[in-house]
Each structure stands twice: as structure tokens, then as C-alpha cells.
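Chemist: Here the protein sequences come in this chain order: A and B. Residues in the first sequence are numbered consecutively from 1, following UniProt numbering. Residues in the second sequence are numbered consecutively from 1, following UniProt numbering.
Rather than coming from a laboratory, the hints here were simulated on the basis of the structure. Misleading hints may appear alongside valid ones.
No copy labels: a pair is met if it fits in one copy or bridges any two.
[Claimed, not checked] Heads up, simulated DSS-like pairs for lysine-lysine below, C-alpha to C-alpha not over 25 Å straight-line: (1) Lys392 - Lys303; (2) Lys303 - Lys247; (3) Lys332 - Lys303; (4) Lys262 - Lys332; (5) Lys332 - Lys34; (6) Lys262 - Lys195; (7) Lys224 - Lys177; (8) Lys303 - Lys262; (9) Lys303 - Lys195; (10) Lys224 - Lys303; (11) Lys195 - Lys332; (12) Lys224 - Lys195; (13) Lys240 - Lys39; (14) Lys224 - Lys332; (15) Lys247 - Lys177; (16) Lys39 - Lys89; (17) Lys94 - Lys240; (18) Lys392 - Lys154; (19) Lys89 - Lys154.
In this text, all values refer to a predicted model and were calculated from it rather than measured experimentally.
Protein chains: 2
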Amino acid sequence: MNLPMQAFLTQYLKLRSVSLAADNEIDETAAFLKEQFTKLGATTSRILTTDAANPAVYAVFPAQSADAPTLLFYNHYDVQPAEPLDLWKSDPFKLKMTDTHLYARGINDDKGELAARLAAIQRLQAQGGLPCTIKFLVEGGEEQGSPHLEDLLKQYADLLAADFCLWESGGRNEQGKFQISLGVKGGVAFQLSVKTADFDLHSSLGAITENPAWRLVQALATLKNANDEITIPHFLDSVKPLTTTQKQLIDSAVFDYAAFAKNYGITRPATVPADEIKEALYNRPSMTINGFSSGYEGPGIGKTILPHTALAKIDLRLVPDQTPAETVRLIKAALTAGGYDDVTVSDFLGEPPFRTDPDDPRVQEAVALARKTYGDDDVQVELNSPGSGPMKYFYDINHAPIISCGIGNANSAAHGPNENVAIADYLSFIDYLTQLVGELAA
Amino acid sequence: MNLPMQAFLTQYLKLRSVSLAADNEIDETAAFLKEQFTKLGATTSRILTTDAANPAVYAVFPAQSADAPTLLFYNHYDVQPAEPLDLWKSDPFKLKMTDTHLYARGINDDKGELAARLAAIQRLQAQGGLPCTIKFLVEGGEEQGSPHLEDLLKQYADLLAADFCLWESGGRNEQGKFQISLGVKGGVAFQLSVKTADFDLHSSLGAITENPAWRLVQALATLKNANDEITIPHFLDSVKPLTTTQKQLIDSAVFDYAAFAKNYGITRPATVPADEIKEALYNRPSMTINGFSSGYEGPGIGKTILPHTALAKIDLRLVPDQTPAETVRLIKAALTAGGYDDVTVSDFLGEPPFRTDPDDPRVQEAVALARKTYGDDDVQVELNSPGSGPMKYFYDINHAPIISCGIGNANSAAHGPNENVAIADYLSFIDYLTQLVGELAA
Chain A
1 MNLPMQAFLT
11 QYLKLRSVSL
21 AADNEIDETA
31 AFLKEQFTKL
41 GATTSRILTT
51 DAANPAVYAV
61 FPAQSADAPT
71 LLFYNHYDVQ
81 PAEPLDLWKS
91 DPFKLKMTDT
101 HLYARGINDD
111 KGELAARLAA
121 IQRLQAQGGL
131 PCTIKFLVEG
141 GEEQGSPHLE
151 DLLKQYADLL
161 AADFCLWESG
171 GRNEQGKFQI
181 SLGVKGGVAF
191 QLSVKTADFD
201 LHSSLGAITE
211 NPAWRLVQAL
221 ATLKNANDEI
231 TIPHFLDSVK
241 PLTTTQKQLI
251 DSAVFDYAAF
261 AKNYGITRPA
271 TVPADEIKEA
281 LYNRPSMTIN
291 GFSSGYEGPG
301 IGKTILPHTA
311 LAKIDLRLVP
321 DQTPAETVRL
331 IKAALTAGGY
341 DDVTVSDFLG
351 EPPFRTDPDD
361 PRVQEAVALA
371 RKTYGDDDVQ
381 VELNSPGSGP
391 MKYFYDINHA
401 PIISCGIGNA
411 NSAAHGPNEN
421 VAIADYLSFI
431 DYLTQLVGEL
441 AA
Chain B
1 MNLPMQAFLT
11 QYLKLRSVSL
21 AADNEIDETA
31 AFLKEQFTKL
41 GATTSRILTT
51 DAANPAVYAV
61 FPAQSADAPT
71 LLFYNHYDVQ
81 PAEPLDLWKS
91 DPFKLKMTDT
101 HLYARGINDD
111 KGELAARLAA
121 IQRLQAQGGL
131 PCTIKFLVEG
141 GEEQGSPHLE
151 DLLKQYADLL
161 AADFCLWESG
171 GRNEQGKFQI
181 SLGVKGGVAF
191 QLSVKTADFD
201 LHSSLGAITE
211 NPAWRLVQAL
221 ATLKNANDEI
231 TIPHFLDSVK
241 PLTTTQKQLI
251 DSAVFDYAAF
261 AKNYGITRPA
271 TVPADEIKEA
281 LYNRPSMTIN
291 GFSSGYEGPG
301 IGKTILPHTA
311 LAKIDLRLVP
321 DQTPAETVRL
331 IKAALTAGGY
341 DDVTVSDFLG
351 EPPFRTDPDD
361 PRVQEAVALA
371 RKTYGDDDVQ
381 VELNSPGSGP
391 MKYFYDINHA
401 PIISCGIGNA
411 NSAAHGPNEN
421 VAIADYLSFI
431 DYLTQLVGEL
441 AA
């Protein structure tokens, strides 16, 4: 069997574009893509750079008609490290095909996605030409958290002008349904630290001397209560009420807490009542201690020191219209109001939340077409991913709808060993996308 | 200049009796002491063992008179590791003498103490014989936290019968005064742990899934309030009121918080009002987070996981009549009452608090003699050390007073590089102890 775009995909997967590794093939991969886009008929194919960022590749495949709409396809050519290598059943940098599946690092996230998109373009070209102009922005720092993407989008906003945006990931959900996701939660990560002395002390001095770990515990306890509810004043002030359609999307989602808990060995009940789990997952902000570190962390007990520093790494997930900067401002204000000015907030990094309007007619066209392609009962529209991503930066330059859907599934192991996609999903998505470009032109 | 017991001390310091090191000379040191005690006139000198413990050395130097009282001298022959070696200005396992000081690992803690005690015995022998019977118990696991000492004392209680006990450490305090310490705070150390899942999760699941770090933060926040006060119910019920003499001992102590804070680079005020610092240090229990560990503790932020475990290492210092076991019971009860049964308390290790009665006539004789030897204004009696030790186990077998005093000073660096004592203090203590044995016989 020969897959659409198989030769391209084979070469592309070989390139070790691991942005988190010091020794990688980032530049080679960008150059490869620039050349391939040209070969496939792009009239523009160029490298876009900003200071300190990995090169991004920009390409334009023009429509037959000058007044056709423009679609912007966002992808990234960088991949997660393949380690631990011993858990792979095949070479992660070599495409492996079985009768049903494709395996390789990046086959789902997201080199395979790009190949499927190019296959759709090839098919449209074979059918006589593109009904829409298609622009690609393929960045090289997504697995690093896209640290320079916002700057890049602002710098090249004119080039990236579009009427519709296709996001970089997606596929079938836990229930096997083809999912069209319409947004992301926001995210903000930072450190809270307390330093009380220059050295660790003997713990007998705990009778009179402040303990930074206790101090941080008490400060944190003012930000969330024992019911796991965030208690930062004004934190929810900017949260927008959901529309009827948005509420319906949450209602229509499926989340099986029992199966999820079993999968992860979770022994505790959910932190919200059963009938609020989906609402919490999609539309309630969360605040997570990602890490906590203080004092003696070696084996055993009896090293009875009073530490001199304590550090917590925290992230929050945000919903519209909360913002990373305002969230950090409210946390700082809460700490100050609680008398915890000695708790330092540092290193913050964030992405705003974003949701495409589910009532937008182009979104509804995409959904209707999906139901035709995948089956009426096999399509799920997701209000937003519970995770975060740089989606709003794309919205800010074009004010165009953004949807996320693709070739993966719940067992694709996007960041893990034996990353895979089903060949059937690869092929269906090419069908779907080929038709979608036509629909969006109409 | 030739020191009393210099040849013994030189040989003794050479032996690498580092109980915390895998490759050590523990057995050789015990054998050496057994032989030396015999050579110096002990009528009994033998090794005492319990299961799994380093050998202890027991020796008896009998009094001239059969009805003389018996003094028990507690020492330990094991020493702390000498590392970091590059900070030593001389070989840690070789006695270095300057005009004023002696340097070596163990010269203060506590090989030098033993040499001074033997020098006092030699002098009494030269003066015609011992006015009291002197028993030595020299253990080999003090730097490991004396894990088997309680068992050893119970097993050999008959051999160790005595009317008075001299503890293993002591000397001049921060103010340069010769200090007689009459007790120790108790201590109990344990781990609090929370496990919520088998793996770390993506932090977006923090909207519905329990976070073990938050859980531990909330549990800890029920045990201490924001004013750093312990809030464990019934925790203070067993604390005994101080006698007038005990209160006077606290009043007479000197603690310079400003100097202490400067020394450690402490930027925060004491956790108690200025006029309560000494009371807190000597007579208020404390609860210290020695270490806290959860989730991602590497550099930077953005690894936005929801950890599956959190661990805190805790120790409390206790005052009479609090006990380690009861303290752990109360903490477990407080966690249960607060709904934190999922917080596991494990690995507890403790030593009870103990205070010798400062009004005991033998203690008063020892103090009066110290004032004669060191000067009226140069003696400080301490209610108890703010630290912990296995003192009560000795009291439990003999119900005899226990005092702690010796040859060290505030800059002796007992566990650090360039451990030292002043030659003048070594010699004064031999004078003092020689006379004390006579006084206690009277």
C-alpha cells in the first residue's frame, strides 16, 4: 500500500527536529520544508524568523480564483524527544507501517498532520486547483511552549492574514468520535518562593525562627480552601457566562471519571461533584501545585534541619476572559492582603484562553461536513480543550474562527513511546479536509 | 607542652570511628578503649552489645571506699564524618596543637571530653585513689541518633546503676560562660505523605483531580496557624508548669536574637515577641517542616504536571511531659478530625524530653563548684538544651541527676571542619571534674 504523501512523510519523520534537545536538526527541517512546499506548488515559501526563535516556515498555495477566501494552517515541525528509547518497538525516527497503523515520533504531533494537509492540497490540485488560498505557518518551537510565537505573529501579521484557521492537532477522542475542538483554556505558570535565611538552621531553632516551608504552606492555604476552591479575591470577576450553545457543548461531552481514575490509579474522588465534572474540566479555572521543594528531601527522617528556602511551582488554567497578567496581579494582591509580601512571585509565563464562537457559520459548515464524513453520531464538538495553547494569538491577528481536528486518537501517545495514528484516520482526514476547503470557498 | 592524657588522645583521635561511614574503624576503636580502660586501672572493662548496634564499651574505676557513691560518665567514641576535607587546615584524624588550641575531628565531640575525664581520674589516682566509683558507658552510635541506646540501657541497667550522671558534651556558651545544662528538649520526627494516583497527570486535570501537594498543604495548615502557633488539639495538655527555679534559669539565660539573625542572614523577625524568645527556645514545643517534596523540582517553570505524590518531613521539639508516641497519636487524631485520613504518618523516631531538677543538692554542689573554678559571673545554668538527646533513658534506669558540661565552646565546630577546643578549657575542666568527684563523695 502506498499512502498519500508517503515519500514526503518518510523523509520528514527522519529529521530529528527535537527542539528540546541541544543536538537537533531544526535548521535542516525548516530548509527541507521550505523546499518541499515549493516543489508541491507553493508560490511563496520562505523562512520567517524572530530573535532567538527557531525558524518558522511560511508557504502560500494560491487559490484558482483571486477573491477566494484564505485558510491559515498552523503546524509545527518540532517534536518531543523520543526518550525513553527502550520503550519503543521500532526506530522512532523511521516510519513504520503495519496493516492498520503508522508509527514514528511526530506521526501524530504533528508531522503526520502536515502530510495529511499536503495530501489534501495535492488532491485539490489534481481536481483542477485550490478553491481557497491556503497559507501554512509551521513553527519550530511548539514543544518549547511557543515562546516567540506571539512576537512572530505580530511581526508577520500581514503575511498571515486569513479568513479561517485550522489548528495543529486533533483527532478521535476517548469515545472514538471525531472531535472538532473550538478553543483552549488559558494557562499561567510561575514560582512562589520564600527565603528566610542564608543557611539551613538546626531545627531546634524552629521554636523562634520562621520556617520558609511553613510560610509557603500558610500563604498557599490563603489561595485555595480545604474544598479545593480557589479563594483569590476577584479571580472570577472576568469569567464570562456561557452562551446556550456553549452550555450544550459541555452537556454533550462525555467524561468517564471512573475509567479515567482507573487508568491513572486515582484513589480519591473527583474534587467536584459528579454532575460538575465536565463543567469544571471545560469551563472552570484550576490552580495546580506542579512542584514543591524545601529543605531535606533525601531518604529517611531525622535530618532535623530548619530549611532556609522553599519553592512552589504553580500553574493555573484560565477561562475567557481571564488573562495571565491579571491573574498574577490578583495573586500578588491576595498575598499582600494576607500579609505575605515576603512570598516572591517570579518567572511567570502564560497563554490566554480562547474560544471560537460555535455559532459561527463556517464552524457550523465544518461540523456539518464532519457529520457527513464520519457519521452523524461520530462527531463531537468540544467547547475548548482543557489544555492550553497559543490560539488567541492567531485570533488576535485575523479575528477569524479557529478549529482543531486531525488524524490522532486517544491512544496516539503524542509525547510518548510508539506514537501512532491509524491509517484509516489519516485517509479519512484527507477526504474531510479536501471537502472542507471546497465548502469554505462556497 | 605536654597535655594530660596526650598520648591516649593522640592515638584515640587517629582512629576513624565514623559511624555514618561504611568503611570505618568502629570495632578497632571499641577494642582500643577496652584495652586503655584496663591499662588506666579499670577493674572491669568490657564490650556491651545489643542486636545491630555498634559495640559499646563499659568500664568501672572503683572508689577507695565500698560505700562511696557511683558516677556514670556517658560518652561516645563515634564521630561525624570529616568531609568536606578541603575546608580543614590540618589532617582531621591527627591531633594538631597550637599554643592555645587543639584541632581534630572529635576533639570536642567527644573524644577530647573522654580524655579530660580520664585525666581527672589519673589525677585522683595520683592523689591516693577515687572518692567515688566511676563507670563509663562509651557508645558507638551517637552520631547515628543512638538508635539502640534505650535497649542497651535497659538490657544492662544493673551494670549501669549510679547516683549521678555526667553527660557527654558541653562547655562555654555564646557568652563565653561555662554552662551546666540540665536537660534536653524531646524530639519526634516523621513523614507525612499523600499519594493520589499512580502517575503524574497533565495539570489541566487539576480542574477535577486532587493534587497531593495541595492536600498536604491544607493538612499542614490545620496543624499550625498563620501566627506559627501549633494548633494540634490537646498538644499542650501534658506540658508541666515551670517551678520558680526553672523560670529563673530561663530568665538568667542570654539570647541575642539580633546577633543570631545577623549570623545566619535571617531577614525575618522572630516568630514570637522579643520577651518570649528565651521561654520559647527552652520551654515551648516547636514543629518544623524539615523538608517538602512534590512533583517537578527541576529548573524553570512550564512543566505543568499534576504530581501524584507529596511528602513532608516534620520534626517537633517537645517539653516535659510530652512524649514522642503521644505526639504522633495527637497528630494522627488531628488529621482524622480534619478529614485528612488520606495523609499518612510514617517512620516515626523520637526521644523524650528530660530535665534534671535544678534544686537537687548534687546539682547545686556542681554549680557552686563551677562558680569557684570558673568565677562567680562566668557560670550559666541552662534549664535544658534547645536540642534533643537520649538523656531520659539514663534517668529511667537510675533516677539520678544528669548534668552536661565539658571542654567545648560556641566556636568548637563540633560537626564541622577544624573542630577545636581551647587548651585552657581542657585543663580547667580537668581541674573542675577532679574536684567535683571529691565533692560528690562528701
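Chemist: Take the hints in turn and mark each one as holding or not.
Modeler: Now the hints, each set against the structure:
In this assembly of identical chains, the alpha carbons of Lys392 and Lys303 lie at most 25 Å apart only when taken from different copies (21 Å versus 49 Å within one copy). Taking the closest pair of Cα atoms, Lys303 and Lys247 never come within 25 Å of each other, the shortest separation being 53 Å inside a single copy and 31 Å across copies. Taking the closest pair of Cα atoms, Lys332 and Lys303 come within 25 Å of each other only across two copies (22 Å); inside a single copy the shortest separation is 33 Å, beyond that limit. With identical chains, the CA atoms of Lys262 and Lys332 are never at most 25 Å apart, being 38 Å at best within one copy and 28 Å at best between copies.
For the identical chains of this complex, Lys332 and Lys34 are neighbours neither inside a copy (45 Å) nor across copies (64 Å), given an alpha-carbon limit of 25 Å. Proximity of Lys262 and Lys195 under a CA criterion of 25 Å is satisfied inter-copy only: 15 Å between copies versus 40 Å inside one chain copy. Taking CA atoms no more than 25 Å apart as the test, Lys224 paired with Lys177 passes in neither setting, with 36 Å inside one copy and 50 Å between copies. Only between protomers do Lys303 and Lys262 lie at most 25 Å apart by alpha-carbon distance; the minimum there is 24 Å, versus 37 Å within a single protomer.
Both within a single protomer and between protomers do Lys303 and Lys195 lie at most 25 Å apart by alpha-carbon distance, with minima of 20 Å and 23 Å respectively. Only between protomers do Lys224 and Lys303 lie at most 25 Å apart by alpha-carbon distance; the minimum there is 21 Å, versus 30 Å within a single protomer. Proximity of Lys195 to Lys332 under the C-alpha cut-off of 25 Å is restricted to the intra-copy arrangement: shortest distance 17 Å within a copy versus 30 Å between copies. Taking the shortest alpha-carbon separations for Lys224 and Lys195, both the intra-copy value of 22 Å and the inter-copy value of 19 Å come in at or below 25 Å.
For the identical chains of this complex, Lys240 and Lys39 are neighbours neither inside a copy (46 Å) nor across copies (88 Å), given an alpha-carbon limit of 25 Å. In this assembly of identical chains, the alpha carbons of Lys224 and Lys332 lie at most 25 Å apart whether taken from the same copy (14 Å) or from different copies (23 Å). When the C-alpha separation of Lys247 and Lys177 is checked against a cutoff of 25 Å, the pair qualifies only within one copy, where the shortest distance is 19 Å, while the shortest distance between copies is 75 Å. In the homo-oligomer, the alpha carbons of Lys39 and Lys89 never lie at most 25 Å apart, since the shortest distance is 33 Å inside one protomer and 72 Å across protomers.
Proximity of Lys94 to Lys240 under the C-alpha cut-off of 25 Å is found in neither arrangement, the shortest distances being 46 Å within a copy and 74 Å between copies. Taking the shortest alpha-carbon separations for Lys392 and Lys154, only the intra-copy value of 12 Å comes in at or below 25 Å, while the best inter-copy value is 72 Å. In this assembly of identical chains, the alpha carbons of Lys89 and Lys154 never lie at most 25 Å apart, being 42 Å within a copy and 61 Å across copies at closest.
Hint compliance for this structure: hints 2, 4, 5, 7, 13, 16, 17 and 19 are not met, and every other hint is.
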